[in-house]
Amino acid sequence: AKKVYTHTTAAALRAKECVMTAATAIKENADDILADAKKINEDRAVAAEEIEDSSDKASEE
Numbered sequence: 001a002k003k004v005y006t007h008t009t010a011a012a013l014r015a016k017e018c019v020m021t022a023a024t025a026i027k028e029n030a031d032d033i034l035a036d037a038k039k040i041n042e043d044r045a046v047a048a049e050e051i052e053d054s055s056d057k058a059s060e061e
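Each residue of the sequence shown is one higher than the one before, counting from 1 in the working numbering.
These are calculated hints, taken from the structure and not from any lab test.
A hint or two may mislead.
[Stated by the list, open to error] Heads up, simulated BS3-like pairs for lysine-lysine below, C-alpha to C-alpha not over 30 Å straight-line:
id, residue 1, residue 2
1, K39, K27
2, K16, K3
3, K27, K38
4, K16, K2
5, K16, K27
[As the list claims (entries may be wrong)] For each label pair, taking beta carbons as the anchor points, the in silico distance ranges come out as:
id, residue 1, residue 2, range
6, A47, A10, 52 to 58 Å
7, R14, D43, 31 to 37 Å
8, A1, T24, 31 to 37 Å
9, K3, D36, 28 to 34 Å
10, E49, K16, 47 to 53 Å
11, I51, V19, 46 to 52 Å
12, I51, A22, 39 to 45 Å
13, N41, H7, 34 to 40 Å
Source: prediction; values computed, not measured.
Here a beta-carbon is modelled for each residue, glycine too, at the ideal position from N, C-alpha and C.
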C-alpha cells in the first residue's frame with residue numbers, strides 16, 4: 001500500500017507542477033494584456049487632449 005501512496009503522491013506533485021506552469025503563463029499573458037490596455041488608454045487620452053486644445057485655439061481665433 002505504501003508504494004501506491006508514494007506513486008500517487010508523485011503523480012500529484014507532477015500535476016501540481018504542470019498546473020503552476022500553466023498558471024504562471026496565464027498570469028504573464030494577463031499582465032501583458034493589462035499593460036497594453038493601459039498604454040492604449042493613455043494614448044487615447046493624449047489624443048483627446050490634443051483635439052480639445054486645438055478646438056479651444058480655433059474658437060479663440
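A quick look at each hint next to the structure:
1. K39 with K27: holds (18 Å)
2. K16 with K3: holds (20 Å)
3. K27 with K38: This hinted pair holds, its Cα atoms lying about 16 Å apart.
4. K16 with K2: Given that 30 Å is the threshold and the Cα spacing comes to 21 Å, the pair holds.
5. K16 with K27: holds (16 Å)
6. A47 with A10: 52 to 58 Å: holds (56 Å)
7. R14 with D43: 31 to 37 Å: violated (44 Å)
8. A1 with T24: 31 to 37 Å: The hint (31 to 37 Å, Cβ to Cβ) holds, given that A1 and T24 are roughly 35 Å apart.
9. K3 with D36: 28 to 34 Å: Taking Cβ atoms as reference, K3 and D36 lie about 50 Å apart, which means the hint is violated.
10. E49 with K16: 47 to 53 Å: holds (49 Å)
11. I51 with V19: 46 to 52 Å: holds (48 Å)
12. I51 with A22: 39 to 45 Å: Since I51 and A22 have Cβ atoms about 43 Å apart, the given range 39 to 45 Å holds.
13. N41 with H7: 34 to 40 Å: violated (51 Å)
Checked against the numbered hints given earlier, this structure breaks hints 7, 9, 13; the rest are met.
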